[in-house]
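Could you slot chains X and D onto chain G? The hints should help.
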Amino acid sequence: MTQKTTNLQVSTRGKGLYEFTQEAARWLASSGISIGLLTIFIQHTSASLTVQENADSDVIADLNDFFGRIAPEDNRLYRHTVEGPDDMPAHIRAALTATQLSVPVISGEMALGTWQGLYVFEHRDAPQRRRLVLHVFGE
Amino acid sequence: MTQKTTNLQVSTRGKGLYEFTQEAARWLASSGISIGLLTIFIQHTSASLTVQENADSDVIADLNDFFGRIAPEDNRLYRHTVEGPDDMPAHIRAALTATQLSVPVISGEMALGTWQGLYVFEHRDAPQRRRLVLHVFGE
Amino acid sequence: MTQKTTNLQVSTRGKGLYEFTQEAARWLASSGISIGLLTIFIQHTSASLTVQENADSDVIADLNDFFGRIAPEDNRLYRHTVEGPDDMPAHIRAALTATQLSVPVISGEMALGTWQGLYVFEHRDAPQRRRLVLHVFGE
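Residue numbers (the working numbering), protein chains in the order written: chain G, 8 to 146; chain X, 8 to 146; chain D, 8 to 146.
Next comes chain G alone, as it looks inside the complex (with noise of 0.2 Å):
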């Protein structure tokens, strides 16, 4: 078995969901692991990654607006404001989604369903460019 690293970096212009799978595929399609399991890791806590439909820009929008519904930017409600009043909720809306995900490889392949794709969900207002690591082993 062998293994393999890289960092991938995805620019962000606000708050959002932003589609990555296809930079992941070329990558593990050049790792040459044809059975094995990818690993993505990102490295903020005011930004998180998150698999979802990616047929419809509608759901991507319909997340956001619930996840600004479930942590408004309210200063009212924190202590921590010194950052903006979309900091705070970024870090809660980091914590309820996913810092990490893992996805099986086969036949050289992520194993996504049909409908499935990966992205960073920003949360955040400014542009901002955010880091991956990835991690893949197998053979």
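Every clue listed holds true.
Simulated restraints on C-beta separations:
| hint | chain 1 | residue 1 | chain 2 | residue 2 | range |
| --- | --- | --- | --- | --- | --- |
| 1 | G | A32 | D | R33 | 30 to 38 Å |
| 2 | D | D132 | X | T121 | 14 to 22 Å |
| 3 | X | R76 | D | R20 | 24 to 32 Å |
| 4 | X | R33 | D | R76 | 37 to 45 Å |
It should be emphasised that the hints constitute simulated quantities derived from the structure, not laboratory data. Because the structure is a prediction, the values reported are computed rather than measured. Note that CB positions come from ideal geometry on N, CA and C, so glycine has one too.
This is chains X and D only, laid out in the frame that chain G set:
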């Protein structure tokens, strides 16, 4: 070290939790792996995975109710309504729980706590057959 | 490739976050593994894992408050009340966060972001000793 993968299907009959601990344990036992890591991945965006207490059915019902309260079936809240009133809440519930779980394997068994069971968390009303991909490696 | 497992106990004194980044890092260093994947699994359904900012204690307090607001201790909301008013909210809080985390290992260290720390998220009021299972493999 060796690795193995398989598929597991879990039939669901409406929103709620469906345990598959035994099915996963049986496959793990058949793999002959004594120490390693078992990963479970669900190939859907309207059902998810959770580890919960397998002792008390009230816990399961209360958990389901909670998710009904924070992501209600109310079309006025969502743009994405064409797949039925339970579809967008299903995506939200899936984002709040897990698409993937990894469990260390020790002495040929999953290292679960005394009260922990593995569940598919179904978020839709109609009967479904949910597909899981299992991957284990170790020795 | 080699693999190792261990157990780690984290003592908690009421709801909130308890960091164990250093304990995990020490064990990882002792394993001698330079590149690989570290997995942490918590053997409980009323405590969970989260990766959060380790710089500001206000973030930790606000995060705890948020979970108190969305899963309040109000027995009228729950069937499962025999284990105390904090038990069912604890199960909900655990379902919303992580039971397991995997972190890539690079140059003998967890590939955490600058501000990321690993925490046990305690959801019960009484003091507890929480058991984690750690698994690492690599070379």
